[in-house]
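Given chain A's structure and the hints, the job is docking chains B, C and D onto it.
Chains as they are written, first to last, in my numbering: chain A, 658 to 872; chain B, 658 to 872; chain C, 11 to 241; chain D, 11 to 241.
The hints are simulated quantities; they were obtained by calculation from the structure and are not laboratory data.
Possibly wrong hints are sitting among the right ones.
[Unchecked claim] When the alpha-carbon atoms are kept at most 35 Å apart in a straight line, the in silico DSBU-like pairs for lysine-lysine are as follows:
| no. | chain 1 | residue 1 | chain 2 | residue 2 |
| --- | --- | --- | --- | --- |
| 1 | D | K15 | B | K784 |
| 2 | D | K162 | B | K784 |
| 3 | B | K695 | B | K720 |
[Unchecked claim] A few chain A residues that don't get close to chain D, going by computed Cβ distances all over 12 Å:
| no. | residue |
| --- | --- |
| 4 | A697 |
| 5 | V736 |
| 6 | A745 |
| 7 | D751 |
| 8 | A754 |
| 9 | H760 |
| 10 | D786 |
| 11 | I788 |
| 12 | D796 |
| 13 | I799 |
| 14 | P821 |
| 15 | Y825 |
Even for Gly, the Cβ is constructed at its ideal location relative to N, Cα and C.
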Amino acid sequence: MTTAYTDHRLSMDELAAVIARDIPAGSFVNLGIGQPTKIADHLPAGSGVVLHTENGMLNMGPKAEGDAIDPDLTNAGKVPVTELPGAAYFHHADSFAMMRGGHLDVCVLGAYQVAFNGDLANWTTGKPDDIPAVGGAMDLAIGAKDVYVMMTLFTRTGEPKLVPRCTYPLTGVGCVSRVYTDHGVFDVGPDGVRIRETYGIDAGELAHRCGITLP
Amino acid sequence: MTTAYTDHRLSMDELAAVIARDIPAGSFVNLGIGQPTKIADHLPAGSGVVLHTENGMLNMGPKAEGDAIDPDLTNAGKVPVTELPGAAYFHHADSFAMMRGGHLDVCVLGAYQVAFNGDLANWTTGKPDDIPAVGGAMDLAIGAKDVYVMMTLFTRTGEPKLVPRCTYPLTGVGCVSRVYTDHGVFDVGPDGVRIRETYGIDAGELAHRCGITLP
Amino acid sequence: MSRAKIVESADAAVAGIEDGSTVLVGGFGLAGMPFDLIDALIRQGAKDLTIVSNNAGNGDVGLAALLAAGRVRKVLCSFPRQADSWVFDDLYRAGKIELEVVPQGNLAERMRAAGAGIGAFYCPTAVGTPLAEGKEVREIDGRTYLLEYPIKGDYALIGAHAADTLGNLVYRKTARNFGPVMATAATTTIVQVEQVVEAGELDPEAVVTPSIYVDRIVQVTARHYTVQGAR
Amino acid sequence: MSRAKIVESADAAVAGIEDGSTVLVGGFGLAGMPFDLIDALIRQGAKDLTIVSNNAGNGDVGLAALLAAGRVRKVLCSFPRQADSWVFDDLYRAGKIELEVVPQGNLAERMRAAGAGIGAFYCPTAVGTPLAEGKEVREIDGRTYLLEYPIKGDYALIGAHAADTLGNLVYRKTARNFGPVMATAATTTIVQVEQVVEAGELDPEAVVTPSIYVDRIVQVTARHYTVQGAR
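Just chain A, same shape as in the assembly (with noise of 0.2 Å):
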């Protein structure tokens, strides 16, 4: 276990430039829609890092601003990009083909829950009242040869969000590899979860509040 304490956990900014340190070089990244899409500001010059928007393009740019604003050219989230030299468009059923024919290298997605088998839950709550829709998050769950979730740890009401089985409806199974959060990063999968590091918190602590047992 590499276990790294800080003094506080990270924010959401720190632990985005935690990930975009453990992307390989030259790799083909989706980044999901909400926090992970900050991965992308942190990414070094010249690392060759490749970015996949669902919506029919490689190689997209940063946000848009001002006059660059195109309503023909935006990510996954609607938000208006830009193109990078070397971008390639194509239409939908060629986009998702590329996610499910597993060339991504890496694909960052939010959640609501992961369980330490790498079951990925992060469509749903499930309430009644929840209209239900999934977007892209079922193919992106399946698609890349490693699914990374970044997420807080604990919800507002302190409860695991890293947990031995999924309560929400399920949107993968088995499929995440990796979960960053602000008080540390969790390898999880069929051999169970794993805590590589830990931000603020003593890992006994931390293994105690999400009930992972210490090897």
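This is chains B, C and D only, laid out in the frame that chain A set:
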């Protein structure tokens, strides 16, 4: 029955002209390898017929000659061809999706045999020393809204090629709707065979030689 | 002459769409949304429609306006709930519209299958989730798949950047999205474009939708709405 | 920097191809045939190969030369027998090579399925023919289909017209044929191109194979063979 007696059976060129006349203006058409390619020469100017070639092109032009020959531009028979204004290129999966999806209006194929019910045999004689080779024949057979066959009616030894039931291995089941031959034109399909036109032969004799029951 | 017809108005383009039709509507949010065709469809009056689109309307324009006009019985889409999907949200909560949620990639691939003559396909998406309910499951080479069927449209309404006079289409940037797939999956494909050029003016290597998939084309003035919405 | 590597020679491009590999080889007849990569593969020496290609070699060049060198155990193709396929014909008649004939559209669609993560698909082609033997049959909506499985390659060797430094590809005319599909279906895709340009010099709307599908690129001098063969 529309019977157009002529003094002689048609040459393949004359037959190509007959078929060209029957192709509706504005149709998307695939002309099979061999005799059917002649049909292109007989399409009236301004017919708006768009030719598809299975190796990834719409709006294929005539055969290329001299300096116009480009090894990167051939038809399905690997003969150098030209492109017309408004051409489009696409890859093989897209080309066959276009065929299999039923978007072509007419496909004209050669045949070893056609059955009264529209079964087609045109890819192998099934002889032991025959190397099997199907190409796009089976895809074309089921891919167009109307599949026409262009062939001589009799083999060199005088056997009819329009038959109650194919004895050669099938290319497609019940897929042919019309058969154009040097001795006559026939509708075939679930309701059986019907003589539309005859050339240089009496309908009664034609029916007799092919085993067709006249209405 | 070609089979694709260039018509004079969006109203002429949508003529004949019958009550009860399944209509594939292009666009990802507002990018690629065929606003003029949808406005014409509202005027045309067809009702009891089944709409297949990625979203269920944004703001009060385009698909949202069609929903607000009460013409839609059912929506198949991947992501109805957005920051600006109030029209759909209200109809849905009032029980006035049916919803079938389809993962975005399945929506695209099922329409591709319809256009490509594929009878059904085994897809790994949504295995083990609530959206797998009722679907046939099969294990192939150690991986689990669900059987997915084609989604075919009676009509497709899509937006493209330019058409040539034969009906070949090119798109602009991520406004391409569902347009090329929907064009293959509908019996009749109706396209609004910002410009029509002569046959031969589009690069044959860069044509995205070949003319064979296009039935009616209308040229419209470019209209751009502010892009908004959580996703 | 990107993941696609531009290498100095065709020999470097084909380094590491193991005996027994399944190799997808682009081209329809000679158009799009990656001659330089195949020649390098002959020099490299990998044997016991399974080749997936539309044809089984024309004349004495390209795929025909690989077959003549005795490196191929099995060929999956749609159309082996051509006017100029004497190399294959002799090997086949001598029982020195296995053949699996696949309808051309199924060859393309099965490779697409491999690249697109589709487990299998129901296809109407070849129903009721000898090529349906042993295949699962299903009726869907009144039409009969056969279940077809993906064809995945360990390597793809393809020819394209130009690449940018990231690995995006464009093709020329009907030499495009199987290249884009094979690029998606192989673990490692190796491409010979006539020119390499800087990233940003290819029109992003006209890229046919996005860089994600390309692993190694080598620039070669254009070589054109006479097109011949009955089909």
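Against the structure, the hints come out as follows:
no. : hint            : in the structure
1   : D:K15 x B:K784  : violated (49 Å)
2   : D:K162 x B:K784 : holds (32 Å)
3   : B:K695 x B:K720 : holds (11 Å)
4   : A697            : holds (16 Å)
5   : V736            : holds (19 Å)
6   : A745            : violated (4 Å)
7   : D751            : violated (8 Å)
8   : A754            : violated (4 Å)
9   : H760            : violated (5 Å)
10  : D786            : holds (34 Å)
11  : I788            : holds (28 Å)
12  : D796            : violated (9 Å)
13  : I799            : violated (8 Å)
14  : P821            : holds (29 Å)
15  : Y825            : holds (25 Å)
Checked against the numbered hints given earlier, the structure breaks hints 1, 6, 7, 8, 9, 12 and 13 and satisfies all the rest.
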